Each structure stands twice: as C-alpha cells, then as structure tokens.
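Chemist: If you're matching them up, the sequences are chains A and B in order. Here the working numbering is used: the first residue of the first sequence is 1, the next is one more, and so on. Here the working numbering is used: the first residue of the second sequence is 1, the next is one more, and so on.
Derived from the structure by calculation, the hints contain no laboratory data. In this text the structure is predicted, and so the values were computed from the model without any measurement. It is possible that part of the hints are untrue.
Here are some chain A residues the structure puts well away from chain B; computed CB gaps all over 10 Å [what the hints assert, rightly or not]:
| id | residue |
| --- | --- |
| 1 | V86 |
| 2 | R122 |
| 3 | T273 |
Across the chosen pairs, the derived CB separations fall in these ranges [to be verified]:
| id | chain 1 | residue 1 | chain 2 | residue 2 | range |
| --- | --- | --- | --- | --- | --- |
| 4 | B | E187 | A | K25 | 48 to 58 Å |
| 5 | A | A211 | B | D184 | 43 to 53 Å |
| 6 | B | D19 | A | K25 | 46 to 56 Å |
Quick reminder that beta carbons are idealized off the backbone N, C-alpha and C, glycines included.
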Amino acid sequence: MSALSDAALRRLRDAADAPDLSGTKYEIVGRIGQGGMGTVYRARDRELGREIALKVVRLPEGAPDVAARMMREARTLARLEHPGIVPVHDVGTLPDGRAFYAMKLVRGAPLHELPATSLAERLRIVERVCEAVAFAHAHGVIHRDLKPQNVMVGPFGEVLVMDWGVAKVVGEPASSLGADGVPGTDHSAEPSTGHGVVLGTPGYMAPEQAAGDSSLVDARTDVYAIGALLRDVCTGNADGSHPDASGDVPRPLRAIIRRAMAPEPWDRYADVTALARDVAAFRAGDRVTAYNENLFERGRRIAVRHSTPILLVLAYLVMRVTFLAVFGR
Amino acid sequence: MGSFPATRHSVVAGIASADTHTRRVAFDALVSAYWRPVYKYVRIKWRRDREDAADLTQEFFARAFERGSLGRFEPARARFRTFLRVCLDGFVANEIKARGRLKRGGEVSFVPLDFAAAEHELSTHPAALGAGVALGADPDEDGLFRQEWVRGLFSDAVAALRASCEAAGKTTQFAVFQRYDLDDSAEVRPTYAQLAAELGIPATQVTNYLAFTRRELRRLLLERLRSLCASDEEFRLEARELLGTDPASRPA
Numbered sequence: 001m002s003a004l005s006d007a008a009l010r011r012l013r014d015a016a017d018a019p020d021l022s023g024t025k026y027e028i029v030g031r032i033g034q035g036g037m038g039t040v041y042r043a044r045d046r047e048l049g050r051e052i053a054l055k056v057v058r059l060p061e062g063a064p065d066v067a068a069r070m071m072r073e074a075r076t077l078a079r080l081e082h083p084g085i086v087p088v089h090d091v092g093t094l095p096d097g098r099a100f101y102a103m104k105l106v107r108g109a110p111l112h113e114l115p116a117t118s119l120a121e122r123l124r125i126v127e128r129v130c131e132a133v134a135f136a137h138a139h140g141v142i143h144r145d146l147k148p149q150n151v152m153v154g155p156f157g158e159v160l161v162m163d164w165g166v167a168k169v170v171g172e173p174a175s176s177l178g179a180d181g182v183p184g185t186d187h188s189a190e191p192s193t194g195h196g197v198v199l200g201t202p203g204y205m206a207p208e209q210a211a212g213d214s215s216l217v218d219a220r221t222d223v224y225a226i227g228a229l230l231r232d233v234c235t236g237n238a239d240g241s242h243p244d245a246s247g248d249v250p251r252p253l254r255a256i257i258r259r260a261m262a263p264e265p266w267d268r269y270a271d272v273t274a275l276a277r278d279v280a281a282f283r284a285g286d287r288v289t290a291y292n293e294n295l296f297e298r299g300r301r302i303a304v305r306h307s308t309p310i311l312l313v314l315a316y317l318v319m320r321v322t323f324l325a326v327f328g329r
Numbered sequence: 001m002g003s004f005p006a007t008r009h010s011v012v013a014g015i016a017s018a019d020t021h022t023r024r025v026a027f028d029a030l031v032s033a034y035w036r037p038v039y040k041y042v043r044i045k046w047r048r049d050r051e052d053a054a055d056l057t058q059e060f061f062a063r064a065f066e067r068g069s070l071g072r073f074e075p076a077r078a079r080f081r082t083f084l085r086v087c088l089d090g091f092v093a094n095e096i097k098a099r100g101r102l103k104r105g106g107e108v109s110f111v112p113l114d115f116a117a118a119e120h121e122l123s124t125h126p127a128a129l130g131a132g133v134a135l136g137a138d139p140d141e142d143g144l145f146r147q148e149w150v151r152g153l154f155s156d157a158v159a160a161l162r163a164s165c166e167a168a169g170k171t172t173q174f175a176v177f178q179r180y181d182l183d184d185s186a187e188v189r190p191t192y193a194q195l196a197a198e199l200g201i202p203a204t205q206v207t208n209y210l211a212f213t214r215r216e217l218r219r220l221l222l223e224r225l226r227s228l229c230a231s232d233e234e235f236r237l238e239a240r241e242l243l244g245t246d247p248a249s250r251p252a
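Given only the sequences and the hints, what does the whole structure look like? Please build it.
Modeler: Next comes the structure, spelled out in structure tokens:
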C-alpha cells in the first residue's frame with residue numbers, strides 16, 4: 001500500500017481511539033480536544049440533523065467510579081438551565097463500555113483567544129460569567145476551574161461557562177464531580193476528590209483550593225478565580241502569570257481585583273453577585289465598593305459619569321455670560 | 001509483513017534468545033517494524049545518500065543480529081525504541097569513521113526491504129521538502145525516528161486489517177474505513193450519509209462498519225506494539241502516546 005500521509009496518520013490515530021458509536025444516533029465528525037481523562041468530539045446527531053459535542057470519558061486505572069461521576073456531572077449540568085451554561089442533551093454508555101454525554105456544540109472562541117475588544121466589552125463578558133456562576137452557586141455547584149480557556153464567547157456575544165468537570169456539589173458526600181477532559185483543562189491530578197488533592201489551574205486557584213483543603217472551598221473560591229479572570233481581561237494577559245493587575249488598569253478596577261483575589265476568603269466579596277455589581281458599577285461610572293476614592297477622584301468620576309449634562313450647563317453659562325457681557329451694559 | 005509471534009514481548013525477548021531460529025524470527029519482526037524509520041533517520045539525520053543509507057540500514061540489522069548487540073537492552077534504562085536509535089547513532093558514527101574498512105555482515109539478509117518505497121515516502125517528509133533529502137535541516141532526532149516508527153506501525157496494521165477483511169469477505173467494511181479514515185483525496189471528510197449513498201448501504205451500517213474496522217485496527221496495532229515492547233510499563237507508555245489512551249482501560 002502507499003505511504004500514509006501525516007494527515008492520514010493523524011486521522012488513524014484518532015480513529016483507533018474513537019468511541020464505538022454503533023447502535024447510537026451519533027457519528028463522529030472530528031476530535032475537539034483531549035484532557036487528562038477523556039475526549040470531546042464534534043459529532044453529528046443523525047436524527048435531529050445537528051452537530052453536538054460528545055464527551056467520552058476514558059476509564060482510568062484505579063478509578064472504576066469515573067463513569068458514575070461523569071453521569072453526576074451530566075445530571076448536575078442538566079439541572080443548571082441557564083443561558084450561560086452549556087446544556088446537556090443526552091447521557092449514556094457506548095457499546096465499548098465508555099460513558100458519554102452529548103451537549104450543545106459551542107461555537108466561538110475561548111476568552112483568551114478573543115480578538116482585541118474594548119475594556120467595556122471585556123468587562124461585560126466577566127459580568128456574564130458572574131451571572132452564570134452565581135446561578136450555579138444558587139444551585140449548590142462550585143465550578144472550581146474558572147479561567148479564560150473555560151469561557152467561550154460566541155459569534156453573537158453570548159458567553160458560556162464551560163468545563164464543569166471538577167465542580168463541587170455542596171452537600172453531596174463525594175465532594176466533586178471529578179476531573180474531566182474537556183478542552184482547555186490541564187488537570188494533572190487524578191480524579192480523586194478527597195482532602196489534600198489539588199484540582200484546578202495554577203494562577204486561578206484560590207489559596208485554600210491550592211492547598212487541597214476541599215472543606216474550605218465555597219463560592220468565594222470562584223470569586224477568587226473570577227478576580228484572576230478579571231485581572232487577565234484588564235491587563236490583556238491571559239496566561240495567569242501576573243501576580244497583580246497593574247499598568248493602565250484604573251485604580252477602582254485594581255481594587256476590585258485585589259478584593260476578589262484576597263488571600264483569605266473572608267476578605268473577598270461575599271459572593272459572585274457582589275463582585276458583578278462592582279464590575280457593573282465601574283462600567284457605568286458609578287462608585288465601586290472595593291475602592292475608597294478621594295474627593296478629587298470622586299469629582300472626576302462624577303464629571304466623567306455626568307459629562308453630558310455638565311457640558312450643557314457649562315455651555316449655557318458661557319452663553320449667558322457672553323450675552324450679559326455684550327448686551328447687558 | 002513480518003510474522004508476529006503471539007506471545008507477549010516475544011520480539012524483544014526473542015532477539016536475545018540463544019536459539020538461532022527464535023532469534024531469526026524475532027529479528028524478522030524487528031526489521032519489519034524498524035527498517036523504515038532506520039532508513040529515513042539515516043537519510044535525514046545523518047544525511048547519507050540513498051545507496052549509502054540502504055547499505056547502512058541493512059548492515060545495522062545484520063551486525064546487530066550477528067553480534068547480538070540489541071539483545072543487551074535493559075528495560076529499566078530506556079524504551080526499546082530509544083535504545084535502538086542510540087545503537088543506530090553509534091553504529092553510523094563508527095561506520096563513517098571506519099569507511100574503507102571491509103564491510104561485515106552484508107551477507108545476512110532479513111525480510112525484503114523496499115527502499116524505493118521508503119524513498120518515495122521520504123520525498124513528502126517536511127524535513128526533506130524543498131531542500132532535497134540530504135539537506136534536511138537539523139531534525140528533531142527522536143521525534144523524526146518516532147514519527148516514522150509510528151507510521152510503520154500503522155502501515156503494517158492497516159495492511160493486516162485489509163488482509164483480514166479480504167479474507168473474511170468484509171471488503172465493504174474496509175471500503176468504508178478506507179474512504180472515511182484513510183483517503184486523502186477529499187478536502188472535507190464525507191458524511192456517513194454520503195458514504196452510505198456511495199456504497200449503497202444504510203447510514204447506520206457505516207457507523208457499524210467504522211466501529212468494527214477501528215476496533216480491529218486498534219487490536220492489530222496494540223498486538224504489534226506489545227510484541228515490540230520489553231515490558232508492560234513500556235507497552236502502556238507507548239500505547240498512551242500512540243493512541244492517547246491506556247490500553248488497559250477498556251477492551252482492545
């Protein structure tokens with residue numbers, strides 16, 4: 001036979017590890033990405049004639065419960081019906097014994113690959129992330145791996161929070177859903193979720209999460225990660241390596257980031273909604289709770305916030321003075 | 001295609017055997033799996049011309065057989081693939097130094113080696129494109145050797161798959177696999193519906209046939225890989241890199 005081209009070799013390597021979809025309504029279109037424990041494929045639902053994302057988890061050694069945990073993840077996602085959270089369509093087990101779930105195929109680009117946009121637009125994205133995460137928190141789910149790679153921005157500006165594979169469900173005995181393989185994750189840890197096991201991404205993990213103390217992980221852990229996300233969108237740095245926002249970032253925004261990323265959970269915003277309110281306030285030119293502005297800054301902010309009426313009044317006064325100077329003698 | 005003994009690790013164990021026949025069978029399998037990467041590696045990394053590279057490839061295996069040098073492999077120190085490449089580097093370096101001396105081992109021959117086919121494959125190699133094979137720019141040594149080794153493994157497995165499908169009267173199954181996973185002719189992958197229409201079968205059969213052939217390909221690949229690894233650990237490491245998965249995690 002003729003030599004295998006590099007492209008054919010790539011396809012064959014994918015094909016040899018492709019899930020067995022015989023007997024299902026899905027067909028593989030291509031591989032989207034692979035993580036520590038599973039693979040996400042672009043697939044076609046023949047019955048509904050649409051493309052979906054098919055997440056198939058590999059069964060690692062020593063973790064026979066991973067399929068069950070994947071089902072839990074799917075069920076948790078299914079109950080988080082929110083425009084900012086990717087919906088699950090189907091779950092099941094393939095003929096080769098691998099668990100899978102089908103979800104909406106998200107088109108667009110992850111936040112860190114987004115073309116340059118205005119600061120206001122980037123802040124709007126962070127607010128949308130806050131809304132989705134706040135909704136999850138209200139349902140007892142802590143994401144635990146928020147980072148630019150896990151925020152997808154669609155072609156119409158829609159914002160979706162992805163990869164809930166290491167999420168923690170508050171109140172459930174096994175305190176997480178387990179690591180997964182959605183693209184963008186780089187979990188090196190095994191899917192164990194016990195005390196001392198670190199799940200998440202360095203640079204976005206709150207200190208209590210990095211220490212592996214799962215009992216201290218709560219909504220404020222996600223507040224920290226969103227603070228890191230905010231730092232990235234403000235500085236244009238998406239690799240999480242900058243310890244502080246700096247440079248041209250306005251002081252109130254820096255204060256928001258500092259409060260969100262405070263080392264101690266109790267020094268952070270109490271919840272994601274409070275953080276979102278401060279971001280929205282900054283965007284609207286209002287006072288933010290994280291920053292104590294001085295009189296000059298306050299005056300300047302008010303001047304900027306109300307620049308149109310102030311300019312109108314000033315114009316009126318100038319006209320009035322001119323009128324009086326010319327005709328008032 | 002060389003024969004692959006059924007027992008696990010037989011190739012690597014076999015080349016160290018005291019029994020000449022066992023050693024010979026193992027060497028045939030070894031040469032089948034490695035001659036292409038060895039030839040291409042000598043061409044690109046050592047920048048030897050075609051004849052020289054072909055001679056060096058044959059001499060390398062012949063001398064290794066005669067002297068039993070590959071049988072001294074220690075699994076604890078490296079993967080067999082890496083060990084073989086290091087042996088090859090040493091061999092070629094010595095040969096270049098000792099040019100003019102009488103060649104040894106040339107009379108020993110193994111499975112037929114199609115150097116012309118390998119040369120044709122090489123003509124599409126990125127390191128050779130545009131500059132002529134012998135002028136390849138400083139290639140990633142292990143990457144190059146590994147890539148060609150993987151290509152050889154897959155080529156063998158695909159050939160075996162084709163043969164088994166033909167023997168079992170499953171030519172349509174192989175045709176589906178060939179059109180969907182093998183062919184480079186189409187820029188865009190055909191849909192299952194298009195393939196079904198083209199081959200006159202239901203779309204669900206395309207799924208089933210692909211599942212079957214991919215499962216077989218995986219089995220044949222792992223079977224070959226297993227025979228070329230010296231330990232379970234090496235096999236699993238290689239399988240993970242080859243397929244991105246742990247072969248122990250699900251049925252092969």
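Chemist: Kindly confirm whether 48 to 58 Å is satisfied by the beta carbon distance between B:E187 and A:K25.
Modeler: violated, 27 Å
Chemist: When you look at the beta carbon of A:R122, is every beta carbon of chain B farther off than 10 Å?
Modeler: holds, 34 Å
Chemist: Would you assess whether A:V86, listed as outside the interface, keeps its beta-carbon beyond 10 Å of every beta-carbon in chain B?
Modeler: At roughly 23 Å from the nearest Cβ of chain B, A:V86 sits farther out than 10 Å, so the non-interface label holds.
Chemist: Could you tell me whether the CB distance from B:D19 to A:K25 stays inside 46 to 56 Å?
Modeler: Because 55 Å falls inside the window, the suggested range holds.
Chemist: Classify the label on A:T273 as holds or violated, using whether its beta-carbon is more than 10 Å from each beta-carbon of chain B.
Modeler: A:T273 is indeed farther than 10 Å from all Cβ atoms of chain B, at 40 Å.
Chemist: Taking the CB of A:A211 and the CB of B:D184, does the distance hold inside 43 to 53 Å?
Modeler: holds, 51 Å
In summary, the one numbered hint that this structure violates is 4.
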